[in-house]
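S.K.: Read off the chains here:
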Amino acid sequence: MRKIQSVVVIMSFISLWQLLALSLSWGASVPADSSIYDPGKLKAIDSSTKLKAGDIAPDFSLPSLSGHPITLSQYLNKKNVVLSFVPAAWTPVCSQQWPGYNIAKDLFDKYDTQLIGISVDNIPTLHAWTKEMGDLWFPVASDFWPHGAVAKKYGILRSNGVSERALFVIDKKGVIRYVDVHDINSMPKLENLIKELKKL
Amino acid sequence: MAQVKRCLNQWVVKLFLESYESLIGANMNKAHVLMVFFIGLVLLAPELVTSQELAVNSNVLTNLKFDAPENLADKKYLGLHDGPIFKLTQIRAKFIIIEIFSMYCPICQRDAPVVNELHDLILKVPSLRDNIKVVGIGVGNTPYEVSVFKNKFNVSFPLIADDNILIQRALTNNIRTPTFLVGKLMADGKFKIVFTKVGAIKNAGEFLKEFVTASNSPRG
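Going down the list, the protein sequences come from chains A and B.
The C-terminal residue of the first sequence carries number 200 in this note's numbering, and the numbering is unbroken.
The C-terminal residue of the second sequence carries number 420 in this note's numbering, and the numbering is unbroken.
These aren't lab readings, by the way, just hints derived from the structure by calculation.
Quick caveat: nothing in here was measured; it's all calculated off a predicted structure.
Where hints are given, some of them may not hold.
As the list claims (entries may be wrong) - Derived EDC-like pairs: lysine to aspartate or glutamate, alpha-carbon spacing no greater than 16 angstroms straight-line: (1) A/Lys-172 with A/Asp-59; (2) A/Lys-79 with A/Asp-171; (3) A/Lys-41 with A/Asp-171; (4) B/Lys-352 with A/Asp-106; (5) A/Lys-189 with B/Glu-317; (6) B/Lys-352 with A/Asp-109; (7) B/Lys-409 with B/Glu-317; (8) A/Lys-173 with A/Glu-191; (9) A/Lys-110 with A/Asp-183.
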């Protein structure tokens, strides 16, 4: 009788161990993109821009990754411009938004458009982050100091100091033709942007 | 946390030793007990490893419905009849290699030439070509986005848009791209996952060899 009791204890020990092992392994996340910080679900939009289609795009000049400053007005009468604001480096969705644009250069070229990526991060951060994306064909501007000044000018600085995930399409005359202040948690569809470029 | 773990461990060992002692009913040999304990650990180790890998629910995967590719050549390759939607199990093949990717994922972009090479390898060998089909599922991608990827990297196998991220329903882990699943189509019309790989394929030939070995093993 005592033996049976003991067998039961050992059996329960084994199931307990299995349960522990299972729960431990479920909790373990697979490492790989471990450098990507997951902020969880955020408030979709946390600012309100007054800019709309038909307005003159506010000019700005920002340091860029290449070392040359990027000035919006340098494209006046030369190229259409898409400003792609992303919230911050090393966050999940935007770590993928620009690589998507990176393989769509032909489409931007087709509509004579210069893409400019902007974030509120400083240059060294942007350097490390974009290196993970491969070689980008478009300039990346740092809106770090005075912090988020351009994002603020465009009315898309969120209360925690990062920018919205926003797209501004600006024609050769410097007029805004399309504004998409996107839900920060999701990616704007490429075709919606290209559709707007077609209209230029 | 570490302290709790240590206490728990001590308690478990103590319980185990006591039970073991009463079971053998006589002089307890500590080394003997430890040996049994470690044998138990080793026996349970595979459990830990397999559950840390990718877990795929084959039943869910079998029943997912995707938008059929519009391209006629792609439809023909997959052996699909007309109709706007299809299930993976309708693909005419013994094995299906599914690449879960995203047009926006730089790792998938860098891996695209290797996956193309894998498909070319399969096409070159008649016995493989007749039995294995390759299909890409663009997770979170629209048909337009998938076509940008297809054109950019000259992908010769069909790429399916999965804008609503349906494929996540078949996976217990969060999707990481690229992920490769190899499904075997069983007589009952269901899928049996015989091979999975999370992350880029470094070498197309190696991948093929690994998958063929896995699908020939008794477990596969």
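S.K.: So, for every hint listed, does it hold in this structure?
M.R.: Each hint tested on the structure:
For the proposed pair A/Lys-172 and A/Asp-59, the alpha carbon gap of about 13 angstroms is at most 16 angstroms, so the pair holds. Using a Cα cut-off of 16 angstroms, the hinted pair A/Lys-79 and A/Asp-171 holds, with the two alpha carbons roughly 7 angstroms apart. At most 16 angstroms may separate the alpha-carbon atoms for a hinted pair to count; A/Lys-41 and A/Asp-171 exceed this at roughly 34 angstroms. Between B/Lys-352 and A/Asp-106 the alpha-carbon distance is near 9 angstroms, which keeps this suggested pair within the 16 angstroms criterion.
Using a Cα cut-off of 16 angstroms, the hinted pair A/Lys-189 and B/Glu-317 is violated, with the two alpha carbons roughly 29 angstroms apart. For a cut-off of 16 angstroms, the pair hint linking B/Lys-352 to A/Asp-109 stands: about 14 angstroms separates their Cα positions. About 14 angstroms separates the Cα atoms of B/Lys-409 and B/Glu-317, which keeps this hinted pair within 16 angstroms; it holds. Restraint check for A/Lys-173 and A/Glu-191: not satisfied, since their Cα atoms lie roughly 24 angstroms apart, outside the 16 angstroms limit.
Restraint check: the Cα-Cα separation between A/Lys-110 and A/Asp-183 comes to about 28 angstroms, which exceeds 16 angstroms; the hinted pair is violated.
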